[in-house]
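Which chain is which? The protein sequence lines are A and B, in order. Just so we're aligned, residue 5 is where the first sequence starts under the working numbering, counting upward by one. Just so we're aligned, residue 5 is where the second sequence starts under the working numbering, counting upward by one.
Heads up, some of the hints might be wrong.
Claimed, not checked - Under the rule of at most 30 Å between Cα atoms (straight-line distance), these lysine-lysine pairs were calculated in the DSBU-like manner: (1) A:Lys10 with A:Lys144; (2) B:Lys113 with A:Lys128; (3) A:Lys128 with B:Lys301; (4) A:Lys10 with B:Lys139; (5) B:Lys211 with A:Lys144; (6) B:Lys144 with A:Lys157; (7) B:Lys211 with B:Lys157; (8) B:Lys10 with A:Lys144; (9) B:Lys128 with B:Lys210; (10) A:Lys139 with B:Lys113; (11) B:Lys164 with A:Lys144; (12) B:Lys113 with A:Lys10; (13) B:Lys157 with A:Lys157; (14) B:Lys128 with B:Lys113; (15) A:Lys7 with B:Lys10; (16) B:Lys164 with B:Lys210; (17) A:Lys20 with B:Lys144; (18) A:Lys139 with B:Lys10; (19) A:Lys157 with A:Lys139.
As the list claims (entries may be wrong) - Example chain A residues on the side facing chain B (calculated, C-beta under 8 Å, incomplete): (20) Thr61; (21) Pro66; (22) Val129; (23) Thr131; (24) Asp133; (25) Asn148; (26) Lys255; (27) Ser259; (28) Glu312; (29) Gln316; (30) Leu337.
To be verified - Listed below are several chain B residues computed to face chain A (Cβ distance under 10 Å; list not exhaustive): (31) Phe29; (32) Phe34; (33) Phe57; (34) Asp60; (35) Tyr62; (36) Thr63; (37) Tyr95; (38) Asp143; (39) Ile145; (40) Gly151.
These are computed hints drawn from the structure, not numbers from a lab. Note that the structure is predicted; figures quoted are calculated from it, not measured. Just so it is clear, CB atoms sit at the ideal spot from N, CA and C, and this is done for glycine as well.
Protein chains: 2
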Amino acid sequence: MKKPDKIILDHGSGGKISHHLTTEFILPIFNNPILADLDDGAIFTIGQERFAFSTDTYTVDPIFFPGGSIGDLAINGTVNDVTMCGATPLYLSVGLILEEGFPIHDFEKVMDEMGRAAAQAGVKVVTGDTKVVPKGAADKIFINTSGIGIIPKGIDVCSKNARVGDKIILSGTLADHGVTILTQREGLTFDAPVRSDSAPLNQMVKKMFAAGHAIHTLRDPTRGGAGTALNEIAQNANVGIRIEETMIPVKPEVSGICELLGFDPLYLANEGKLIAFVGPADADAVLAVMQEDEFGKDACIIGEVTAENPGQVFMETRIGGLRIVDMLTGEQLPRIC
Amino acid sequence: MKKPDKIILDHGSGGKISHHLTTEFILPIFNNPILADLDDGAIFTIGQERFAFSTDTYTVDPIFFPGGSIGDLAINGTVNDVTMCGATPLYLSVGLILEEGFPIHDFEKVMDEMGRAAAQAGVKVVTGDTKVVPKGAADKIFINTSGIGIIPKGIDVCSKNARVGDKIILSGTLADHGVTILTQREGLTFDAPVRSDSAPLNQMVKKMFAAGHAIHTLRDPTRGGAGTALNEIAQNANVGIRIEETMIPVKPEVSGICELLGFDPLYLANEGKLIAFVGPADADAVLAVMQEDEFGKDACIIGEVTAENPGQVFMETRIGGLRIVDMLTGEQLPRIC
């Protein structure tokens with residue numbers, strides 16, 4: 005493809021073009037094996053302990069939406085990224101960029117949501133920074149959170165660990181967050197209102213590890229959606245992935261809006277869902293504890309890891325065909341998270 | 005004072021109004037003793053090790069300036085914040101917000117500067133995130149960096165530890181960064197060009213600890229300047245501080261520009277300077293190793309900690325008077341770092 009000479013929205017999509025920006029311009033600069041893993045966070049050892057460290061910046065527009073806000077999203081998103089490394093998230097930092105003129109009342113509301121989310125997830129915000137830029141130099145509020153967690157002994161999950169035979173468990177319905185932001189932004193209203201799935205997944209993951217040791221890979225399908233996340237895992241682990249369309253849960257109202265507007269739920273963002281790759285002997289036990297959790301009650305097995313077609317994701321469609329699921333190309337929605 | 009109902013530039017000044025935003029709206033929400041210390045970073049213990057964790061967002065305008073760029077500033081700033089906690093900085097995260105249309109050429113240049121700065125400081129960038137927002141929703145590029153460091157056994161520095169009798173060492177000239185940004189932004193040119201002092205201080209601090217164990221407090225006087233940093237220490241440690249104006253090094257060209265434009269070097273930002281509070285027996289040894297370091301060659305003792313006037317900073321002026329040095333009130337320069 006022709007290289008753009010300017011940053012385009014696609015560079016932030018979480019899909020193919022984002023991946024290109026990272027591998028072409030960023031990885032070679034900070035060349036080190038921890039970064040090169042490109043998982044949801046970095047994993048490293050200090051002394052006797054293994055740590056996970058992750059960062060994410062939130063620019064979602066609108067900042068308040070059904071089911072959440074930029075505040076709880078910023079806490080949950082980083083809690084989940086640290087969790088997907090197999091770690092117990094402990095401490096978070098908060099870096100704020102505020103636009104001059106942003107109403108203090110909205111600021112208080114965002115802080116309240118952050119505090120509530122941190123308490124729910126059981127993590128501590130221990131350090132922070134606030135910058136204010138002149139009106140027009142930013143849009144309302146952007147939030148960066150970085151998080152540190154500790155990886156319990158015996159746990160080793162990363163995208164490279166997915167292996168042939170693993171069952172692929174999805175924790176619930178797809179595209180709730182993406183469709184919510186989309187409809188809010190476009191001012192669309194529907195009879196059955198949709199809500200973001202913004203939620204902390206660390207407590208559920210703790211139970212999953214207690215139920216089965218053969219959890220090889222965890223990933224939260226945020227920007228780029230489940231389709232992109234599965235592709236990243238297939239490529240990093242050099243395995244094939246086969247999923248069944250009929251097994252993928254999507255709420256009827258979300259599915260309806262996607263059809264109406266021409267979006268594919270496989271590529272829309274989720275903010276309270278995870279995908280787990282689990283050895284076949286442990287899959288049922290892990291699935292059972294997920295289904296008992298408030299954030300995993302719709303969990304189901306959507307496919308498995310295959311030896312065929314390493315690096316690729318195939319989906320058996322509703323009508324019995326087989327189609328390649330590629331990484332997201334093109335930005336479906338800027339400022340989704 | 006009347007409470008503003010909107011975010012104003014002062015909220016990001018690093019001075020009194022920033023402090024108010026933090027203590028009024030942020031601390032009560034994330035109520036915990038680690039955050040409440042309000043030092044340059046958080047300090048906590050995991051297992052056998054003590055860690056420092058810090059975050060900072062960089063919105064400096066212009067993004068390239070004599071002596072540095074937003075790229076090296078973002079690395080050095082967080083390296084220094086972690087260092088000021090007494091820690092050896094190890095790992096950094098990088099969170100980018102890019103404006104649609106930002107030239108790839110400039111992006112590459114910023115990444116290069118980040119890579120160079122990380123190599124110079126000896127830290128690893130291990131995790132990152134990139135968001136792109138539509139044109140006009142941000143200005144060019146904003147960078148958040150968060151950093152983790154480990155605190156060697158026997159080291160215990162924080163602002164509360166400053167004690168009566170401590171000598172106050174300043175590592176070099178004040179206001180170089182602030183004046184550089186100011187003149188660049190206003191398009192001013194002078195015969196003697198000024199340069200930002202952007203630099204990593206971790207190597208020098210390592211030598212300082214080797215030279216003297218009685219280092220009680222370290223602080224890098226960035227936003228809000230040395231005047232604000234000294235006030236924060238006086239308040240946190242509940243001690244008095246007395247400094248001598250004639251001992252404070254300021255480059256003649258910087259001093260000249262400050263006089264011309266009505267700025268006080270005590271309140272302008274520095275990005276490669278530190279203030280150390282050192283027990284009197286160790287002060288000369290610590291000063292000596294600083295003066296041998298490339299980033300401390302102008303280091304000198306500028307004052308001491310007193311039992312009188314706890315919580316306040318006094319300066320003996322050039323003409324022999326004594327004036328109170330307050331925290332910065334009002335924003336001198338938005339987007340200084």
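Status of each hint after checking the structure:
1. A:Lys10 with A:Lys144: holds (24 Å)
2. B:Lys113 with A:Lys128: Distance of about 36 Å is beyond 30 Å: violated.
3. A:Lys128 with B:Lys301: With a Cα-Cα distance of about 40 Å, the restraint between Lys128 (chain A) and Lys301 (chain B) is violated, given a limit of 30 Å.
4. A:Lys10 with B:Lys139: holds (11 Å)
5. B:Lys211 with A:Lys144: violated (43 Å)
6. B:Lys144 with A:Lys157: violated (43 Å)
7. B:Lys211 with B:Lys157: holds (15 Å)
8. B:Lys10 with A:Lys144: holds (11 Å)
9. B:Lys128 with B:Lys210: Distance ~18 Å between Lys128 (chain B) and Lys210 (chain B) Cα, so the pair holds.
10. A:Lys139 with B:Lys113: holds (27 Å)
11. B:Lys164 with A:Lys144: Measuring from Cα to Cα gives roughly 35 Å; hence the hint is violated.
12. B:Lys113 with A:Lys10: holds (13 Å)
13. B:Lys157 with A:Lys157: holds (24 Å)
14. B:Lys128 with B:Lys113: Holds, because 19 Å separates the two Cα atoms, which is no more than 30 Å.
15. A:Lys7 with B:Lys10: violated (42 Å)
16. B:Lys164 with B:Lys210: holds (21 Å)
17. A:Lys20 with B:Lys144: Roughly 22 Å between the alpha carbons, so the hint for Lys20 (chain A) and Lys144 (chain B) holds.
18. A:Lys139 with B:Lys10: Holds, at roughly 11 Å.
19. A:Lys157 with A:Lys139: Violated - the C-alpha atoms of Lys139 (chain A) and Lys157 (chain A) are around 49 Å apart, more than 30 Å.
20. Thr61: holds (4 Å)
21. Pro66: violated (13 Å)
22. Val129: holds (4 Å)
23. Thr131: Since the shortest Cβ distance to chain B is 4 Å, the answer is holds.
24. Asp133: holds (5 Å)
25. Asn148: This interface hint holds because 4 Å falls under the 8 Å limit.
26. Lys255: This hint is violated: Lys255 (chain A) lies away from chain B, its Cβ roughly 27 Å from the closest one there, beyond 8 Å.
27. Ser259: Since chain B brings no Cβ nearer than about 28 Å to Ser259 (chain A), farther than 8 Å, the hint is violated.
28. Glu312: violated (32 Å)
29. Gln316: It is violated, given that the least Cβ distance between Gln316 (chain A) and chain B is near 25 Å, above 8 Å.
30. Leu337: violated (11 Å)
31. Phe29: This hint holds: Phe29 (chain B) lies near chain A, its Cβ roughly 6 Å from the closest one there, short of 10 Å.
32. Phe34: Where the cut-off is 10 Å and the nearest Cβ of chain A is about 4 Å from Phe34 (chain B), the hint holds.
33. Phe57: Phe57 (chain B) check passes; min Cβ-Cβ to chain A is 6 Å, inside 10 Å.
34. Asp60: Holds. Min distance 5 Å.
35. Tyr62: Since the shortest Cβ distance to chain A is 8 Å, the answer is holds.
36. Thr63: Where the cut-off is 10 Å and the nearest Cβ of chain A is about 5 Å from Thr63 (chain B), the hint holds.
37. Tyr95: holds (6 Å)
38. Asp143: holds (4 Å)
39. Ile145: holds (9 Å)
40. Gly151: OK, holds: Gly151 (chain B) within 10 Å of chain A, min 9 Å.
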